[in-house]
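**Student:** On the provided structure of chain A, position chain B as indicated by the hints.
Number of protein chains: 2
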Amino acid sequence: MPPLNRCLPALRRIRLANATFERSIARQTPRLPALPAYALLPQRRWQHAATASASQETSNEDEAGQPTPSKQIKYTSDSYPDLKRDSRFKQLDEADVKHFKEILGSSGSLIDGVTQDAQDDLEGYNADWMRKYRGQARLVLKPTTKEQVSGIMKYCNEKMIAVNPQGGNTGLVGGSVPVFDEVVINLGKMNKIRSFDEVSGVLVADAGVILEEADSYLAERGYIFPLDLGAKGTCQLGGNVATNAGGLRFLRYGSLHGNVLGVEAVLPDGRIFNDLFTLPKNNTGFDLKQLFIGAEGTIGIITGISVHCPQRSPAVNVAYFGLDSYEKTQQAFREAKKKLGEILSAFEMMDGAAQKLYAKANGAKLPLEGEYPFYCLVETSGSNGEHDEAKLNDFLEHVMGEEIVADGVVAQDETQVQSLWACREGISESSQHFGGVYKYDLSIPLPELYDLVPATRQRMEDEGLLDAEDDAKPVMDVVGYGHMGDQNLHLNVVMRRYDKKVEAALEPWVYEWVRERQGSISAEHGLGLAKRNYVGYSRDEEMIKLMRQIKQLYDPNGIMNPYKYVSGG
Amino acid sequence: MPPLNRCLPALRRIRLANATFERSIARQTPRLPALPAYALLPQRRWQHAATASASQETSNEDEAGQPTPSKQIKYTSDSYPDLKRDSRFKQLDEADVKHFKEILGSSGSLIDGVTQDAQDDLEGYNADWMRKYRGQARLVLKPTTKEQVSGIMKYCNEKMIAVNPQGGNTGLVGGSVPVFDEVVINLGKMNKIRSFDEVSGVLVADAGVILEEADSYLAERGYIFPLDLGAKGTCQLGGNVATNAGGLRFLRYGSLHGNVLGVEAVLPDGRIFNDLFTLPKNNTGFDLKQLFIGAEGTIGIITGISVHCPQRSPAVNVAYFGLDSYEKTQQAFREAKKKLGEILSAFEMMDGAAQKLYAKANGAKLPLEGEYPFYCLVETSGSNGEHDEAKLNDFLEHVMGEEIVADGVVAQDETQVQSLWACREGISESSQHFGGVYKYDLSIPLPELYDLVPATRQRMEDEGLLDAEDDAKPVMDVVGYGHMGDQNLHLNVVMRRYDKKVEAALEPWVYEWVRERQGSISAEHGLGLAKRNYVGYSRDEEMIKLMRQIKQLYDPNGIMNPYKYVSGG
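In order, the protein sequences belong to chains A and B.
In terms of this note's numbering, the first sequence has 432 at position 432, counting the first letter as 1, and numbering is strictly consecutive.
In terms of this note's numbering, the second sequence has 340 at position 340, counting the first letter as 1, and numbering is strictly consecutive.
Worth flagging that the hints you see were computed from the coordinates, not collected in a lab.
Hints are supplied without guarantee of correctness; some may be wrong.
It does not matter which identical chain is used: a pair holds within one copy or between any two.
Calculated cross-link-like contacts (lysine-lysine; reagent style DSS-like; alpha-carbon spacing at most 30 Å) [unchecked claim]: (1) Lys338 / Lys192; (2) Lys337 / Lys192; (3) Lys84 / Lys551; (4) Lys500 / Lys439; (5) Lys545 / Lys154; (6) Lys551 / Lys154; (7) Lys545 / Lys159; (8) Lys84 / Lys360; (9) Lys90 / Lys365; (10) Lys551 / Lys189.
On a predicted model such as this, the values are computed, not experimentally measured, just so you know.
Bound-form chain A, shown alone:
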């Protein structure tokens, strides 16, 4: 860029870019609903899973490379032949179903595939949205009270019936669907907001309340849920807490370990863990609820939560930049922290490949005219629009003037805010649009965070597995994006079809790479089934032993969400 640019007011260039973007939006079919686009992705996700596209079908090959029947995802037990059903677990019979029916009474409901054929009804509870995992549950229970959950658990514990707690089933690691015939306990019918205090901002809600519904409820009252993520339209608060979900507001509001004030859960033996405290401070003994935050349903079923919700910021601004290098992206982040201070609410990074993929999968036009190797999305949220604009302008003047960013747009209205966020939030779905995706969710120190992406691409090329054009190669692309402000990279290996050779080349190689940099192999997605054998890459033996002690203490029969989490070798 010519030095002349330093004299050009940054804002004039920004406005120019906006005008271009507005025209480009106008040309597109209006595909954005009134709600933020990313809020609706999960629903679309599930449609994808239920009505498989041709490319997805062919991606489901059995061991011999034969496509499995249409609409059916391969059973997890077939994909992971090393997994064997634990023979200690009881096989369900008619008496069990009868007993559960009695517990549920008229308020709850169940899907009975034990005494009748309910294959189709069960499918949505057995299969995950990525079409990677498929269990063989024959019974889904939908309790409406914690007492019902307690009755179910007590019975299961006595009879050695394995269970799979399930929220919105939007997980990415196979933790939310059964592996074999575990009973699915779905929390979807426990979906009431129990109370909200408009002075303290404390929300008490059933575990099955959908995140987006909680957030809308709070929005009407001037508050915000301290967590936001792409699956918000489907995922449930209980599942969010059980998986310690991170997401888009983490940079500003921090971890659920800080925001969740109370947890109500049913223990494997039916006892109720009653810690639904609603005040910010409570130093009365061990903070045991913390164990349930991120336990992924392995020591109990969360039935209710209380959470401290911050005030909603009336002013929200979103800017989207193109940058010439990862080094410049880091610089932009440092400047955003400095210049935007307490109003910075998101700093997201997307690489050029991720943005091209998004545009290709959605037939969308990107906000900037030029192409850049890196993009970032910066969001501010504050209480005073004028002040925030002044801070943002100061930031923009600086990063444009110093040529830290090459080009940028600032959203001028809510529709543009949604369009810009869609460029970031649409990547996940776009990644699996063409046949499948291997997803990695990693914590890596900022300076090295992006290095993994070119390294992975190189590895795929070296192994002869990647080609952008050649359909004979299983890998189409390798893209990187993520919550840069949280040092959290999402690495997606975009597949034409799932291929065990690719998986073998990626794992444990990716985990080894992360371990060398003292990162985490699971930043926010959890362990589930996918990473059960890789915990050792982020935790030492002693820690894993201590974790298994906790599991043993709370669930001595091992009936809770078996085969997953820290159960691996």
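**Tutor:** This is chain B only, laid out in the frame that chain A set:
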């Protein structure tokens, strides 16, 4: 106040008040050092404990009402005759001391009261600063590495030697000093900052680093420790984490459960709990470090921590108000949240009695000319001074104009900031200036939070225990103050001398009062020895049972900080 006042610009009145305050400060002996006054309180605290005043001495009566020898605080075992030394614990002998000397080598050190007389040297480790608790340890160990701590614990576990982990010994519930002859393991010599990342703001430090030193280190680098409290000049990071300290920045930065990223600890059997992670997100299994946050040294000794530190706000403003009622104080809080939004960093409440007590104990003049039943201190911290001032002025105009506050001052410089904070932070020490104090640290829902103070006063009066002037009565005053923004009340019963009749009238009455309002009997001070028998007022039986299971799991021999925490009846 006349309606005319609505037309009077709030700021003119505020400036007037400031001028008065400035004159009043000028008249006083300059008693405020360059550092914030409250930062230096703990040192003064300890001086108090070491050089007991006449009134404090007479407050130490033995069972027969005889004053104990000068400079000596009553033994805890005498104050609590129901406590018996656990006979399973080994009595130290010469061989033990020799072994510990070998472990500590030349880098660590010990105070040996086993093979020689070291009574005076041991006193500061046996007695707490409130002069309420006094143990009988004959050995203090000061290791310098986690390996030394590990060696010590392994030996103690094998030999059944009870230990008392100790940080800065600034606790308020008798948790930081031994009860009988437990070996004190003092972390003071593990006092190095291990690393700091200037981009992410992550600090890794030894447990024995003093909070104020950590904060000063961070201040030089543009960051702030997410915790601040009166004892900052003496308390240590390890102790802060072990007690899940709350303090003055909680409203803004939240709980240590959210800010602490990693914990390194030595388990009772000498194993090292190695979870000193430095990135914000890690969902690789149970978040076990959370158990150590607030465990009060009962399941392990924290030797190192990593913590996410926010950026330091360059602009800090402090205002101090007089208000006519608690209802108006609540209104002021709601307005502060609304008008100050993301820059509100503290909202502290002090009642009139608390402020008078502070003035009396310190010979200080209060910032406002008039007397009010309530006062509050509001602090803002932000990245842009002009914006913050505009927000603050908007808030001031509103609360003055609407007569929510009756009068107020705004600090014009750092000295005034310190003076205003001293009015809040000085209450704790002032409360025990006249002979002693019964302190309660409670979480109570905001609307009822203050009700406990007049109720307690009434009870003291009804029992004939309180008189402001009559020295024959043990209770001089009942004052209430606290972190109103966190729904955290500090109730102090100001004593002329300790009196078991007062204690009997207060406990469990206070705890019953709090239980009825679903509050917590320990908001931020912890359980220690003081509340070991009262956990049941805030936790149900099932929860306490689960807590004891954790204790049993980690410390089957029960050697860690015995007689305290959840060990009570």
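**Student:** Does each hint fit the structure? Answer for all of them.
**Tutor:** Here is what the structure says about each hint:
When the C-alpha separation of Lys338 and Lys192 is checked against a cutoff of 30 Å, the pair qualifies only between copies, where the shortest distance is 28 Å, while the shortest distance within a copy is 41 Å. In this assembly of identical chains, Lys337 and Lys192 lie within 30 Å of each other by CA distance solely across copies; the values are 27 Å between and 38 Å within a copy. When the C-alpha separation of Lys84 and Lys551 is checked against a cutoff of 30 Å, the pair qualifies only within one copy, where the shortest distance is 20 Å, while the shortest distance between copies is 35 Å. Taking identical chains as interchangeable, the C-alpha atoms of Lys500 and Lys439 lie at most 30 Å apart only when both belong to the same chain, with a minimum of 14 Å there against 64 Å between chains.
Proximity of Lys545 to Lys154 under the C-alpha cut-off of 30 Å is found in both arrangements, the shortest distances being 27 Å within a copy and 18 Å between copies. In this assembly of identical chains, the alpha carbons of Lys551 and Lys154 lie at most 30 Å apart whether taken from the same copy (17 Å) or from different copies (25 Å). Proximity of Lys545 and Lys159 under a CA criterion of 30 Å is satisfied in both settings, with 27 Å inside one chain copy and 24 Å between copies. Within a single copy, Lys84 and Lys360 get their C-alpha atoms no closer than 41 Å, and across copies no closer than 75 Å, so neither meets the 30 Å cut-off.
Neither within a single protomer nor between protomers do Lys90 and Lys365 lie at most 30 Å apart by alpha-carbon distance, with minima of 54 Å and 76 Å respectively. In this assembly of identical chains, the alpha carbons of Lys551 and Lys189 lie at most 30 Å apart only when taken from the same copy (27 Å versus 36 Å across copies).
Checked against the numbered hints given earlier, the structure breaks hints 8 and 9 and satisfies all the rest.
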